[in-house]
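Number of protein chains: 2
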Amino acid sequence: MSNIVIRKASREDCPRLMALVKGLAEYEKAPEEVTVSLSHFEESGFGDNPVWWAFVAEIDGWVCGFSLYYIRYSTWKGRRIYLEDIYVEPEMRGKGIGAMLFDAVMQEGKSGDFSGMMWQALDWNQPALDFYSKYGTRFDEEWVNCSIEFKDV
Amino acid sequence: MSNIVIRKASREDCPRLMALVKGLAEYEKAPEEVTVSLSHFEESGFGDNPVWWAFVAEIDGWVCGFSLYYIRYSTWKGRRIYLEDIYVEPEMRGKGIGAMLFDAVMQEGKSGDFSGMMWQALDWNQPALDFYSKYGTRFDEEWVNCSIEFKDV
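Those protein sequences? They're chains B and A, same order as listed.
Just so we're aligned, residue 1 is where the first sequence starts under this note's numbering, counting upward by one.
Just so we're aligned, residue 1 is where the second sequence starts under this note's numbering, counting upward by one.
Don't read these hints as lab results, they were simulated from the structure.
Keep in mind that the hints are not guaranteed to be accurate.
In this list, chains with the same sequence are indistinguishable; a pair is considered to hold if it fits within one copy or across any two.
[Stated by the list, open to error] With a cut-off of at most 27 Å between alpha-carbon atoms, the simulated BS3-like pairs for lysine-lysine come out as follows: (1) K151 x K95; (2) K151 x K8; (3) K110 x K134; (4) K151 x K134.
Just so you know, these numbers come straight off a predicted model, no measurement behind them.
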């Protein structure tokens, strides 16, 4: 896999990233939950006030995976890097690309002013939980995600 | 309770807010988890690049509760307002102050460019879950919180 390139995502990657986000939502059994528009997605990442950043894995010009992150604040731990999504196309799994994308975000966090890295995994996604375990990840199952919707954006 | 004032937190509130954050961590049975320093907390909220904002409930000059929030990004739903903490001192509970603090954050979210509001509750905190249920909150228990620590800040 010597021709895999991990690089920062650019605005031009957004349509492809949106398609991969939808692929991830399908894997997570919630494709109808993706309601964000491409223009909002682009503007949020590459407008005047970016709120997310991403790495992409590219092979011969084809983006086959991504990891997307942003900054969170914990009143307990201070500034945290938050891994929102990590995804590799099914046919490219098992080649270490997920680890490269995960490591890229972790390096970003370690080199910045962050106390740690956080993310969420689905409790039935054993391959993901096994993967994260290798990093000495702490798992905490006693929290319930709560949400109220206002409008689609 | 006519003399309760809900207002935006200022830098001068930070020492008191830190004390309330610790009160909340004790209630959540994790007081040792609060490792952030006061200077980092102040700088993160009132420095050049604020990453959190808060409301405080004040009664006769005494801050007896707060709600603290920041902006998150969901690749599925777009920009979200995230309620990081909400807390009212034990002796002031049952007077509707929590609802006032919760409503203040929700209004902030509704008046801004946010698709919705998100937060987490402990699965054993039935009073909190009951409170949130009144708002038509969607609860999702299938996610596991994951974290890796880098350093204290």
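Evaluation of the provided hints:
1. K151 x K95: Cα proximity of K151 and K95: none, with 39 Å in one copy and 30 Å across.
2. K151 x K8: Answer is between; shortest inter-copy Cα gap is 25 Å, intra-copy 30 Å.
3. K110 x K134: The answer is within: 18 Å in one copy meets 27 Å, while 41 Å across copies does not.
4. K151 x K134: Cα proximity of K151 and K134: across copies only (19 Å, versus 39 Å in one copy).
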